[in-house]
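Here is what each chain is made of, one letter per residue.
There are 2 protein chains.
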Amino acid sequence: MSDIEISRRRLLGTVGAAGATGIALGAVSGAAGYVAAAGDPATALATVGSASEAFHGEHQAGITTPLQSRGHLIAFDLAPGAGRKEAVALMRRWSATAARLMAGEPAGDGDTGVALDAGPSSLTLTFGFGRTFFDRTKLTARRPVALDPLPAFSSDQLDPRRSDGDLWVQIGADDALVAFHALRAVQKDAGEAARVRWQMNGFNRSPGATAEPMTARNLMGQVDGTRNPKPSEADFDRRIFVPSAGAEGPYAWMAGGSYAVVRRIRMLLDDWEKLPLKEQEQVIGRRKSDGAPLTGGSETTELDLDRTSPDGTLVIPANAHARISAPEQNAGAAMLRRPYSYHDGIAADGTPDAGLLFVCWQADPLRGFVPVQRKLDRGDALSPFIRHEASGLFAVPGGPGSGEYVGQRLLES
Amino acid sequence: MSDIEISRRRLLGTVGAAGATGIALGAVSGAAGYVAAAGDPATALATVGSASEAFHGEHQAGITTPLQSRGHLIAFDLAPGAGRKEAVALMRRWSATAARLMAGEPAGDGDTGVALDAGPSSLTLTFGFGRTFFDRTKLTARRPVALDPLPAFSSDQLDPRRSDGDLWVQIGADDALVAFHALRAVQKDAGEAARVRWQMNGFNRSPGATAEPMTARNLMGQVDGTRNPKPSEADFDRRIFVPSAGAEGPYAWMAGGSYAVVRRIRMLLDDWEKLPLKEQEQVIGRRKSDGAPLTGGSETTELDLDRTSPDGTLVIPANAHARISAPEQNAGAAMLRRPYSYHDGIAADGTPDAGLLFVCWQADPLRGFVPVQRKLDRGDALSPFIRHEASGLFAVPGGPGSGEYVGQRLLES
Chain A
1269 MSDIEISRRR LLGTVGAAGA TGIALGAVSG AAGYVAAAGD PATALATVGS ASEAFHGEHQ
1329 AGITTPLQSR GHLIAFDLAP GAGRKEAVAL MRRWSATAAR LMAGEPAGDG DTGVALDAGP
1389 SSLTLTFGFG RTFFDRTKLT ARRPVALDPL PAFSSDQLDP RRSDGDLWVQ IGADDALVAF
1449 HALRAVQKDA GEAARVRWQM NGFNRSPGAT AEPMTARNLM GQVDGTRNPK PSEADFDRRI
1509 FVPSAGAEGP YAWMAGGSYA VVRRIRMLLD DWEKLPLKEQ EQVIGRRKSD GAPLTGGSET
1569 TELDLDRTSP DGTLVIPANA HARISAPEQN AGAAMLRRPY SYHDGIAADG TPDAGLLFVC
1629 WQADPLRGFV PVQRKLDRGD ALSPFIRHEA SGLFAVPGGP GSGEYVGQRL LES
Chain B
1269 MSDIEISRRR LLGTVGAAGA TGIALGAVSG AAGYVAAAGD PATALATVGS ASEAFHGEHQ
1329 AGITTPLQSR GHLIAFDLAP GAGRKEAVAL MRRWSATAAR LMAGEPAGDG DTGVALDAGP
1389 SSLTLTFGFG RTFFDRTKLT ARRPVALDPL PAFSSDQLDP RRSDGDLWVQ IGADDALVAF
1449 HALRAVQKDA GEAARVRWQM NGFNRSPGAT AEPMTARNLM GQVDGTRNPK PSEADFDRRI
1509 FVPSAGAEGP YAWMAGGSYA VVRRIRMLLD DWEKLPLKEQ EQVIGRRKSD GAPLTGGSET
1569 TELDLDRTSP DGTLVIPANA HARISAPEQN AGAAMLRRPY SYHDGIAADG TPDAGLLFVC
1629 WQADPLRGFV PVQRKLDRGD ALSPFIRHEA SGLFAVPGGP GSGEYVGQRL LES
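Heads up: the protein sequence lines correspond to chains A and B, in order.
The first sequence begins at 1269 in our numbering and counts up one residue at a time.
The second sequence begins at 1269 in our numbering and counts up one residue at a time.
Misleading hints may appear alongside valid ones.
Which copy? The list can't say, so a pair holds if one copy fits it or any two copies do.
Said to hold, decoys possible - In silico BS3-like pairs for lysine-lysine, Cα to Cα no more than 27 Å straight-line: (1) 1456 to 1643; (2) 1498 to 1456; (3) 1406 to 1546; (4) 1643 to 1353; (5) 1498 to 1542; (6) 1542 to 1353; (7) 1406 to 1498; (8) 1546 to 1353; (9) 1546 to 1456; (10) 1456 to 1542; (11) 1542 to 1406; (12) 1643 to 1406.
I should point out that these hints are in silico values taken from the structure, not numbers from a laboratory.
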């Protein structure tokens, strides 16, 4: 055991073993819903560093895990000449690294030391396969229809160099150095097998910044995520995850998995911030202060979509973002939005290069993201203030069983 | 009072009034030293959001304030045609905004709402003047000698577009949205008076990520800041702050102030991470695991600079970073290093655009940063792994008294 390993273990010993305690904490926070800070504030705050998420399980971590305060998204393409064999070895390396890091252990020999002193800090690593992965590995017959390219939307201004990719990794943690440490470990593991295609950084609220757990806000200042499906809802699993029971056929390897749609959505903040509060609220259809619908109540009150003002106009305008994206306006289409905000300083045109790393999860993109985005694309009052700049769609297999690596059921069956 | 203001106040009411309680917390954490997470972990964690720093006082906040987990640096140039009058109005606006935001209140009408729900989260805004500010405002006679340009160092590869500036603002907070909110408020206040010259984002460890407060680590994995002067040391104030007592003459306006040297130091992580641990430790002169000198002990043990190995070589090599930068090797030159790490994704050459937003504070740069950097420039073993890419030097006046704005003693005397 190296000096570094001893030091890390010693630290973790002082806050509780990373194994049983950590996983139990993860399970508890997972049930608490999609809020920026997990669980009861008094206890959550004492466990920022020591909280850990389980690597093994029916689903990969990082999907129902509460939003972490720091995130990285990174996509790779397999190197020229690399195929299925190299992909198997890579997924083995990545799985072993993820299991270690998520338990608060170093990555192995040559660990950079950046995460030393800290606990796992709810670190998650989540792995997905892009459409192009299947041709490269001669697994085209097993490529799910759900990975067919997303339709083009009229408002898209996508940069192909920051879109798609053979492989995708989502990293989240409640400490920026723990997240960066994991990012570098993933890059190191890629070795000669895969090359970075694009990489983005994001953030959310810090645990304990609010007095109690609250729905996240985005960089426009809006409460964002109120209508997200909740794990406590009866149809949550069916909507978010590919069914595990009775899976057969060429896509059986996706049992317990989910599809991630990733969109880099630039917010045109210089324009948005010039809009008076009342007009911003008309665009969204909700109050900025607390996220309540313009038809009244609190954040979680249902939208009263038919209510009119004395002058006969709709209180929640016909093109309000909340109306157009409401599940009941989209045949119940539902996706679990789990975004990070991003801010990469100032763009060449002098405006803030900031917005949302939108990541949403669903059992089928054609019944989740696509119909909602198609509708938003046609008439969302928010459209003039945002710009979709990059896009990706990834098949994220179920969580690995004990002794398994992520994607084994695809790569070795 | 707007909806937003009511909402914010209501929230703060649940965690203690932002005034007396918050300022008291700030004072406590300030005394705890320069660690990533402030104070006793059990209580610090419960106060991430509600902790606040005082805007008024002998010194500006953000100098001896414990490192926050998120930071922004932004520099402005006065707009063409703008002079002293516009500068006065701008410093008044910025001071009013800083006082409100640091107390957890909205910025005023048109607040973006991004910080809603959160407490002040130890937010600090710190304002400085660059050398060029004094000519623009016809205050050249009051420009301190200490603002003379830094000498050129042989290893500099400075980008002038990301260096210097008439005005500089350092923002820090323990929540990324609170920090971003402040950044946008500062930009809005600039209005037509000043234009953004450059802007950078940084981060440190999250409160509670370590089981107890620890010295920060940088993205090379090194413990960084062990030898920082401590406020408990008798000569701390003399080294860091311009004396307040008996200040006279053209620079009297700097009483209680400090000089900030800002360097964007790129870390060549692809090269560094290939270096074996033992060689990394020879470069630094300290163990990576716990920051202890290679001559033994713990992090805070003195370096034994004369100790040799049985083969006659120095245990802490002659060119080790810790040796060359040691105060006792630099006639006691001391500066308070208070950096943020940065990571802006992947640079055009495929390497990580990451490193240190080095910010150091001293009463006189010619007795702080300059002699140490000159020595490092000649023989630091770390030099091949870093690159200074931007530089700034700013006069940061003392903290404002009640009813004063920052810089008033310069601009109105």
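Checked hints:
Within a single copy, residue 1456 and residue 1643 get their C-alpha atoms no closer than 41 Å, and across copies no closer than 34 Å, so neither meets the 27 Å cut-off. Taking the closest pair of Cα atoms, residue 1498 and residue 1456 never come within 27 Å of each other, the shortest separation being 36 Å inside a single copy and 38 Å across copies. Taking CA atoms no more than 27 Å apart as the test, residue 1406 paired with residue 1546 passes in neither setting, with 55 Å inside one copy and 43 Å between copies. Proximity of residue 1643 to residue 1353 under the C-alpha cut-off of 27 Å is found in neither arrangement, the shortest distances being 42 Å within a copy and 51 Å between copies.
Taking the shortest alpha-carbon separations for residue 1498 and residue 1542, neither the intra-copy value of 34 Å nor the inter-copy value of 45 Å comes in at or below 27 Å. Taking the closest pair of Cα atoms, residue 1542 and residue 1353 come within 27 Å of each other only across two copies (26 Å); inside a single copy the shortest separation is 54 Å, beyond that limit. For a Cα distance limit of 27 Å, the shortest separation of residue 1406 from residue 1498 qualifies neither inside one copy, at 37 Å, nor across copies, at 61 Å. For the identical chains of this complex, residue 1546 and residue 1353 are neighbours neither inside a copy (58 Å) nor across copies (34 Å), given an alpha-carbon limit of 27 Å.
Taking the shortest alpha-carbon separations for residue 1546 and residue 1456, only the inter-copy value of 19 Å comes in at or below 27 Å, while the best intra-copy value is 49 Å. When the C-alpha separation of residue 1456 and residue 1542 is checked against a cutoff of 27 Å, the pair qualifies only between copies, where the shortest distance is 10 Å, while the shortest distance within a copy is 44 Å. In this homomeric assembly, residue 1542 and residue 1406 never come within 27 Å of each other (Cα to Cα): the closest approach is 52 Å inside a single copy and 33 Å across copies. Taking the shortest Cα distances, residue 1643 and residue 1406 never come within 27 Å of each other, neither inside one copy (36 Å) nor across copies (58 Å).
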